[in-house]
Amino acid sequence: MCIQTVGLIQAAIERAGIITVSISLLHEVTDVLRPPRALFVPYKLGFPLGEPNNAALQHRIIGAALSLLSRSDVPVLEDFQA
Amino acid sequence: MILKYRLFMKFYPFARYALNPVPCAKLAKPLNTARVALVTTAGLDTPEQAGFDSFLKDGDASFREIPNTVTTSTLIESHISDTFDHSGVLADRNLAFPLDRFRELFARGEIGAMNHRHFSFMGSILRPKRLIAETAPQVAERLRADGVDVAFLTPV
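Protein sequences, first through last, are from chains G and P. By the numbering used here, the letter at position 18 of the first sequence is numbered 18, and the numbering carries on one by one without gaps. By the numbering used here, the letter at position 108 of the second sequence is numbered 108, and the numbering carries on one by one without gaps.
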């Protein structure tokens, strides 16, 4: 349910005029919900930024997500290239 | 994935909450001058805060404010969902609430500022009526009042 909850909060924030991007762990849920910008990562539930204590991987994922902020062709759902 | 969860995923009416139209704000300034806030649904709270209520049938739509000054490793995970492996977040809160990573981005000058507060929800919300009508807009309003430009959201 976390993925839907994130998307619904994201929509409320974006409606307040603040640009948002989220991480998704379930492609099918994000596809249906259509939050403005999301990066799908190929990790199991509980591991949205890849691996614990792996700052380099976490930074790569965050960087890929932040790069979606320039997109206004919403909804954007990109796959992270691990 | 456990069978109960697979069946749930198959029958839950996700389409009911599909966003239409999709909201779209604009980044009015470069990221290296933007104020950033984090939002997680990992059910994290500080040791001084009351934990989330995992026993509410429809889910706990409340939220906690996490001060930007918090020591990340002291955050408590009160999310009891059995649908995911908790070991990663217990080993490193940054996995679902990347506060230390964003501090590093700020130190490198890649983002303009960290907001003085961030927000935590517990994601297991089966009936999101209160989330949609009340608590998510409250958080959005606080972020707007804080002058936040960018929100980065992580599930768990």
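Note that these hints are calculated values from the structure, not bench results. Check the hints yourself; a few may be wrong.
[Stated by the list, open to error] Simulated pairs of lysine to aspartate or glutamate, EDC-like, Cα-Cα distance not exceeding 16 angstroms:
1. G:K44 x P:D85
2. P:K10 x G:D79
3. P:K26 x G:E28
4. P:K29 x P:E110
5. P:K57 x P:E77
6. G:K44 x P:D82
7. G:K44 x G:D73
8. P:K10 x G:E28
9. P:K4 x P:D82
10. P:K129 x P:D85
11. G:K44 x G:E28
[To be verified] With beta-carbon atoms standing in for the labels, derived distance ranges:
12. G:Q81 x P:D53: 19 to 29 angstroms
13. P:S73 x G:D31: 14 to 24 angstroms
14. G:K44 x P:Y12: 18 to 28 angstroms
[To be verified] To spell it out: a stretch of chain G is covered by chain P in this simulated footprint if at least three of its residues, at any positions, have a beta carbon under 8 angstroms from a beta carbon of chain P; those stretches are:
15. 12-24
16. 29-41
17. 63-69
Yeah, the Cβ is synthetic: ideal placement off N, Cα and C, and Gly gets one too.
Those earlier numbered hints the structure runs against, lowest number first: Hints 2, 3, 5, 7, 10, 12, 13 not satisfied by this model.
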